[in-house]
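*Asks:* Now for the letters of each chain:
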Amino acid sequence: MILKNGTVLMNGAFERFDIRIENGVISKGGHDLSPDEGETVIDCQDKIISPTFVDMHTHVRLGQEYKEDPQVTIRKAIKGGYCALNVMPNTKPALDCAPMVERMLKTEAPEGFHIFVTGAITNENGTLAETEDIASAGAVAISDDGHWTENSFLFYQALKYAKKHDLLVMDHAQDMNLFKSGKIYEGKASFETGLKGFPKAAEASAIYRDGTLNAQVGSRLHITHLSTLMGLETANALKQIGVHVTMDVTPHHLIFDESAYLSYDTNIKANPPFGDERDRKALVHALRSGEITNIATDHAPHSEPEKDQEWEDAPYGIASIDSAFEVLYQELVTTSLVPLETLLTAMSTNPAYLLGMRHGIGIGNEANLTIIKLNEPHAISYEGGAKNNPYVGKESSAVVTMVILKGNVAYEYGK
Amino acid sequence: MAELREKAKILDDNDMRRAIARLAHEILEKNQGAQDLMLVGIRRRGIPLAQRLQEEITSIENVTVPVGELDITLYRDDLSMLGPHPIVHQTVIPKAVDGTTVVLVDDVIYTGRTVRAGLDALFDLGRPKAVQLCVLIDRGHRELPIRPDFTGKNVPTSQKEVIEVHVKEIDGEDAVYIMEKVENN
Amino acid sequence: MPKKGVQQMKHLLGIEELSKEDILYILNLATPMKDIILREVKKVPTLRGKIIATLFYEPSTRTKNSFELAAKLMSADLVSVGVSTSSVQKGESLKDTIYTLEAMGVDAIVIRHSRNGVPNYLSSFSHASIINAGDGQHEHPSQALLDLFTIQEHKGHIEGLKVLIVGDIMHSRVAKSNIYALNKLGAKVVVSGPPTLIPNEVREYAEICYSLDEAIKDVDVVNVLRLQLERQQTGLINSLQEYHRFYGLTSERVKHAKNDLLVLHPGPMNRGVEIDEDVAYSEKSAINEQVSNGVAVRMAIYYMLMGGKEQ
Chain F
1 MILKNGTVLM NGAFERFDIR IENGVISKGG HDLSPDEGET VIDCQDKIIS
51 PTFVDMHTHV RLGQEYKEDP QVTIRKAIKG GYCALNVMPN TKPALDCAPM
101 VERMLKTEAP EGFHIFVTGA ITNENGTLAE TEDIASAGAV AISDDGHWTE
151 NSFLFYQALK YAKKHDLLVM DHAQDMNLFK SGKIYEGKAS FETGLKGFPK
201 AAEASAIYRD GTLNAQVGSR LHITHLSTLM GLETANALKQ IGVHVTMDVT
251 PHHLIFDESA YLSYDTNIKA NPPFGDERDR KALVHALRSG EITNIATDHA
301 PHSEPEKDQE WEDAPYGIAS IDSAFEVLYQ ELVTTSLVPL ETLLTAMSTN
351 PAYLLGMRHG IGIGNEANLT IIKLNEPHAI SYEGGAKNNP YVGKESSAVV
401 TMVILKGNVA YEYGK
Chain W
1001 MAELREKAKI LDDNDMRRAI ARLAHEILEK NQGAQDLMLV GIRRRGIPLA
1051 QRLQEEITSI ENVTVPVGEL DITLYRDDLS MLGPHPIVHQ TVIPKAVDGT
1101 TVVLVDDVIY TGRTVRAGLD ALFDLGRPKA VQLCVLIDRG HRELPIRPDF
1151 TGKNVPTSQK EVIEVHVKEI DGEDAVYIME KVENN
Chain B
2001 MPKKGVQQMK HLLGIEELSK EDILYILNLA TPMKDIILRE VKKVPTLRGK
2051 IIATLFYEPS TRTKNSFELA AKLMSADLVS VGVSTSSVQK GESLKDTIYT
2101 LEAMGVDAIV IRHSRNGVPN YLSSFSHASI INAGDGQHEH PSQALLDLFT
2151 IQEHKGHIEG LKVLIVGDIM HSRVAKSNIY ALNKLGAKVV VSGPPTLIPN
2201 EVREYAEICY SLDEAIKDVD VVNVLRLQLE RQQTGLINSL QEYHRFYGLT
2251 SERVKHAKND LLVLHPGPMN RGVEIDEDVA YSEKSAINEQ VSNGVAVRMA
2301 IYYMLMGGKE Q
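Chains as they are written, first to last, in the working numbering: chain F, 1 to 415; chain W, 1001 to 1185; chain B, 2001 to 2311.
Just chain F, same shape as in the assembly (with noise of 0.2 Å):
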């Protein structure tokens, strides 16, 4: 297979070239490669070819299929642009134990398409899950997501564990006393709609105590789903004296603000919060400098019964995995906040890095591409599973047409 003339997103930057593909993986790149007999051409001309998406913070509802079977999340994922996903530990039941990580693994998906696992830190008793069994079973991460981990002796260990496995913590900063008090960050929106704030520290806070206790372990600390400028500064600071950590971003922290709350949208109800317009301009300038390598959707699929309640009793989450990309494009890069490239780096190769994951444009990488055409305005359209994607009808510019996973289309816009 040749993609002819397309435009290529190659370490960080864009060049035209011809790609050649063979047995699944990229064997040549070049301009004017030309078929062999019977070889398929795809034209890509006025197309870029990204690596495909990867999604580091992904909710699959595995026990849960009512909220989204397991299988649609996959497809939508597709579509979207992704060929891997990093599953969350908070299943029914939780990937706490080796057995857990192993079932997940299993699930079924089209060849090139990648499922990473997430093992839980701690139990449902309260106490550390199998590190050690869950690292062996094939999890590539741990993290508590959904909750902090509040115990600070129990957190230590386990970056301990997780540095002797080369695991990534994903950690979801934010204490947890502070949060129990609020539904969303104190500020102009707490006030106006009545629901209960918290204050942002809770975010930074906890970033600073997980910081320094890695800076004593050195393990890989990631802050998954930063919301504020305080956190950010937090993570900043300890990067400055030498403590790893990494984070990523969400989509819909780079595009809403606590003023989308007025609406009490059960859609755009999600946990860590939304803070005001200067920590949304914070994350964006944080992901345009660098700061924030990795964009992650925290796809989190709910039923049409669960959000169509009370705000308050609704479920955080947001699931937007097959718009993530259209949505960012027409919200950062035609407002030119954020360049095309550091949007798709951001959501491709970083975060397949941070998974252990080969990936990007390379000969004798597995061919998976994500062809996109720009200048094609469109109105984001819904694709089956959980409704609660706030982007659904929005207009983007942008649109995934085509999705190559090891060597075979497996998506086609409009088809």
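Some clues are possibly wrong.
Calculated pairs, SDA-like style, for lysine to any residue (alpha carbon to alpha carbon, straight line, at most 20 Å) [what the hints assert, rightly or not]: (1) F:K183 with B:L2236; (2) F:K196 with B:G2235; (3) F:K196 with B:R2203; (4) W:K1009 with W:G1140; (5) B:K2010 with B:N2028; (6) F:K188 with B:V2190; (7) B:K2010 with B:D2022; (8) B:K2042 with W:D1124; (9) B:K2072 with W:Y1177; (10) F:K373 with F:N408; (11) B:K2258 with B:G2156; (12) F:K196 with B:R2231; (13) F:K180 with B:G2235; (14) F:K188 with B:E2207; (15) F:K196 with B:Q2232; (16) B:K2043 with W:D1098; (17) W:K1095 with B:K2042.
FYI, nobody ran anything at the bench for these hints, they're computed from the structure.
Since the structure of chain F is provided, determine the placement of chains W and B on it from the hints.
*Replies:* The following block gives chains W and B in isolation, referenced to the frame of chain F:
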């Protein structure tokens, strides 16, 4: 959209003054004086008319009869057919209506529904000895068994026509017009 | 004749979305409504044939009775859903409850709920008018309107007045609705209370004066909020005695206020905590008047939403 166009002026200020003077005489004649009499104007233009009747009665009998103001909005039977929010004003009755002869005063009688609402409103305020009805213009087309006791002028109209009573206190002039609905294209 | 600037409204969700004209319109309507309460025959036929349901998910005596009495005085029929006895106890969803009421032909639903934004949520699908009788810590519009009506009766106007609100501003929907309404009508608002119960964001609408002794000096009206006694358990106030010493409206404090100070309280009162008995029953207090004004204002609300509505 229908628009109103003036068709004829039926009363000018002198005509109106004379009509009110006559009505005052008729009221006094029928009630054999001003004893226990109260004039109650139906908002809006019934109120200035009631005040003028009061002045006429004072000049004839040298007594001042009380004048009340009745707002009937809350008693209407056509509220949900009207446009948004007719304004409700205060009803002001200077003394108890019990035992008095109330003369309800309004500018125009048409279907009789306003008077029906006025009677309901009045009876929620107390128990008058008698109620009489005085109107400046009776234009016909009654839908209820209601008949004025005192009428300034009978004006036969078609249902396409509208009677507009103007009073100085509200409209800057005393006059009565007959208006015609004209369809706009 | 439609009044200029007044919106044709279907629901009353909060003060925040009302214009100054809307608020004045309701206040003006309340005067003739109050006349009805004060006369011998306390009833008008205006809402004959309409059905109003009250759906209270939180205990309330005063607001519920007030809304129900107002409905009766306007000749509407009433469905009073007792939440403890209805299928709500059986886990019926709020949405289903509303659909059930609609199927009964209910024209307006008066709702009180502990969850913020419930009236907004219901208005997104309900065909009946939704009237917010208090939602969580969000808004309590009818209470603010009756407070303003009471102020207007006593002071003749709202604009230019200085109004002090004392107590738990953070958790009080009454405070919030009052603050919005007073701002829209051009009054100056001062809030006082413990620092743990005054959110920073109130600065956009009001001056903060933590010392009640200072704040009371030059205000025209003081609205004393009810203290939810459970605030003590959550660490927001230290003790009721301390609260009373610092934020209780005592006769000693009232002595330092203007002579014509007007005292309001939304009830029910914790006497000896946020207000002293001799202040509550002094000639400066309009606390009982607030109750009858509440009925008048709620009649005005019904009239506005249902009286002259285009079908």
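*Asks:* Hint by hint, note whether the structure agrees.
*Replies:* So, going through the hints one by one against the coordinates:
1. Taking the CA atoms of K183 of chain F and L2236 of chain B, the gap is about 18 Å. The hint holds against a cut of 20 Å.
2. For a cut-off of 20 Å, the pair hint linking K196 of chain F to G2235 of chain B stands: about 16 Å separates their Cα positions.
3. Between K196 of chain F and R2203 of chain B the alpha-carbon distance is near 18 Å, which keeps this suggested pair within the 20 Å criterion.
4. Between K1009 of chain W and G1140 of chain W the CA atoms are separated by roughly 18 Å; this keeps the pair inside 20 Å, and the hint holds.
5. Simply put, K2010 of chain B and N2028 of chain B have alpha-carbon atoms about 19 Å apart, close enough for the 20 Å limit, and the pair holds.
6. Of the supplied pair hints, the one linking K188 of chain F and V2190 of chain B holds, its CA atoms being roughly 18 Å apart against a limit of 20 Å.
7. A distance of roughly 13 Å separates the Cα atoms of K2010 of chain B and D2022 of chain B; the hinted pair therefore holds under the 20 Å criterion.
8. Between the alpha carbons of K2042 of chain B and D1124 of chain W the distance comes to roughly 8 Å, so the proposed pair stays at or under 20 Å and holds.
9. Restraint check for K2072 of chain B and Y1177 of chain W: the C-alpha separation of about 42 Å exceeds 20 Å, so the hint is violated.
10. Between K373 of chain F and N408 of chain F the CA atoms are separated by roughly 19 Å; this keeps the pair inside 20 Å, and the hint holds.
11. At roughly 17 Å between alpha-carbon atoms, K2258 of chain B and G2156 of chain B fall within 20 Å of each other, so this suggested pair holds.
12. At most 20 Å may separate the alpha-carbon atoms for a hinted pair to count; K196 of chain F and R2231 of chain B meet this at roughly 14 Å.
13. With a C-alpha separation of about 14 Å, the suggested pairing of K180 of chain F with G2235 of chain B holds against the 20 Å cut-off.
14. Taking the CA atoms of K188 of chain F and E2207 of chain B, the gap is near 16 Å; set against the 20 Å cutoff, the hint holds.
15. Between the alpha carbons of K196 of chain F and Q2232 of chain B the distance comes to roughly 17 Å, so the proposed pair stays at or under 20 Å and holds.
16. Restraint check: the Cα-Cα separation between K2043 of chain B and D1098 of chain W comes to about 18 Å, which is no more than 20 Å; the hinted pair holds.
17. Our distance criterion of 20 Å between C-alpha atoms is met by K1095 of chain W and K2042 of chain B, whose separation comes to about 18 Å.
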